[in-house]
Amino acid sequence: MTNNLDKFTATHFHWHCEQGIGTIRLNRPERKNPLTFDSYAELKALFHYVAQQDSIKTIVILPNGGNFCSGGDVHDIIGPLLAKDTKGLLQFTRMTGDLVKAMLNCGKPIIAAVDGVAVGAGAILAMASDMRIASPEAKTAFLFTRVGLAGCDMGACALLPRIIGQSRAADLLYTGRSMSAEEGERWGFYSRIVEAEELEATAHKMAQRIAEGPSFAHMMTKTQLNHEWNMAPEQAIEAEAQAQALCMQTQDFKRAYQAFINKQRPSFEGD
Numbered sequence: 293m294t295n296n297l298d299k300f301t302a303t304h305f306h307w308h309c310e311q312g313i314g315t316i317r318l319n320r321p322e323r324k325n326p327l328t329f330d331s332y333a334e335l336k337a338l339f340h341y342v343a344q345q346d347s348i349k350t351i352v353i354l355p356n357g358g359n360f361c362s363g364g365d366v367h368d369i370i371g372p373l374l375a376k377d378t379k380g381l382l383q384f385t386r387m388t389g390d391l392v393k394a395m396l397n398c399g400k401p402i403i404a405a406v407d408g409v410a411v412g413a414g415a416i417l418a419m420a421s422d423m424r425i426a427s428p429e430a431k432t433a434f435l436f437t438r439v440g441l442a443g444c445d446m447g448a449c450a451l452l453p454r455i456i457g458q459s460r461a462a463d464l465l466y467t468g469r470s471m472s473a474e475e476g477e478r479w480g481f482y483s484r485i486v487e488a489e490e491l492e493a494t495a496h497k498m499a500q501r502i503a504e505g506p507s508f509a510h511m512m513t514k515t516q517l518n519h520e521w522n523m524a525p526e527q528a529i530e531a532e533a534q535a536q537a538l539c540m541q542t543q544d545f546k547r548a549y550q551a552f553i554n555k556q557r558p559s560f561e562g563d
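Per the numbering used here: the sequence shown = residues 293 to 563.
Since the hints were derived computationally from the structure, they do not count as laboratory data.
What you are looking at is a predicted structure, and each value in this text was computed from that prediction instead of being measured.
Don't take every hint at face value.
[To be verified] In the DMTMM-like style, the derived pairs of lysine to aspartate or glutamate whose C-alpha atoms are separated by at most 25 Å in a straight line are: (1) 514 - 322; (2) 431 - 322; (3) 299 - 563; (4) 514 - 532; (5) 431 - 463; (6) 336 - 365; (7) 299 - 492; (8) 393 - 346; (9) 514 - 526; (10) 555 - 532; (11) 497 - 544; (12) 546 - 504; (13) 299 - 330; (14) 393 - 544; (15) 336 - 377; (16) 376 - 334; (17) 431 - 368; (18) 514 - 504; (19) 336 - 368; (20) 299 - 504; (21) 431 - 477.
[Unchecked claim] Label-pair ranges, simulated between beta-carbon atoms: (22) 337 - 493: 27 to 33 Å; (23) 523 - 548: 26 to 32 Å; (24) 548 - 472: 25 to 31 Å.
The beta carbon of each residue, even a glycine, is placed where N, CA and C say it ideally should be.
Taking the hints into account, I'd like the entire structure generated from these sequences.
Structure follows, in structure tokens:
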């Protein structure tokens, strides 16, 4: 696997890629890592870039300074939005939604490691990831109603009920209240809780295991996970049959067979 560190230059967050694992860390810890117009756009560009890089196998979004992300910056985003007309506001809301679309369509599994606050758009970043782990101190809130907005932001009304169920999603989206790490794990938003000092190592271990797997097949898995919610069972079964038939034509499938009969561990290369 090649190192892609020099191929994408990020100026509004930290980006590093090594051994097929890309890591993102928002870089304003003194303000709990809020998003700005620029960081939204650059994150979207990064995920479009990732989609085109076969050597990038998986992405990890990490906390910084004890927090994940405090959402849209009050001064850099919310203030300027008050001066925009409907067209300008719609351009902004579509742009934020485009970030989620880029995450869903990048073809690579994304792991969110949440410590401290993950609120507003920060909660959306975690929600749009494929897997989420948290420290006991994680506090997650879709707090849009608390600033006078609807809970239907950046795909929350479509994606959150799929993860935790309709009633629980409605609870969070109507009230804007904080979901604790324990509650999030119990509801299925988080797959596990680990101590804060172990959070990054655990996320990296998860990412490494995925990166060592068959990347084409992982892309198929992510695609089907995202698409099958809109399919009838018969359509989903047929879509999976076609996806699996394509995976059976890969060299990784052949490598796995050869490794099995030779009692070895397969080494996948993504082709």
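Inset, instruction - Of all the hints given earlier, name the ones this structure violates by number, lowest first. - result: Numbers 1, 10, 14, 24 - these are the hints that the structure violates, sorted from lowest upward.
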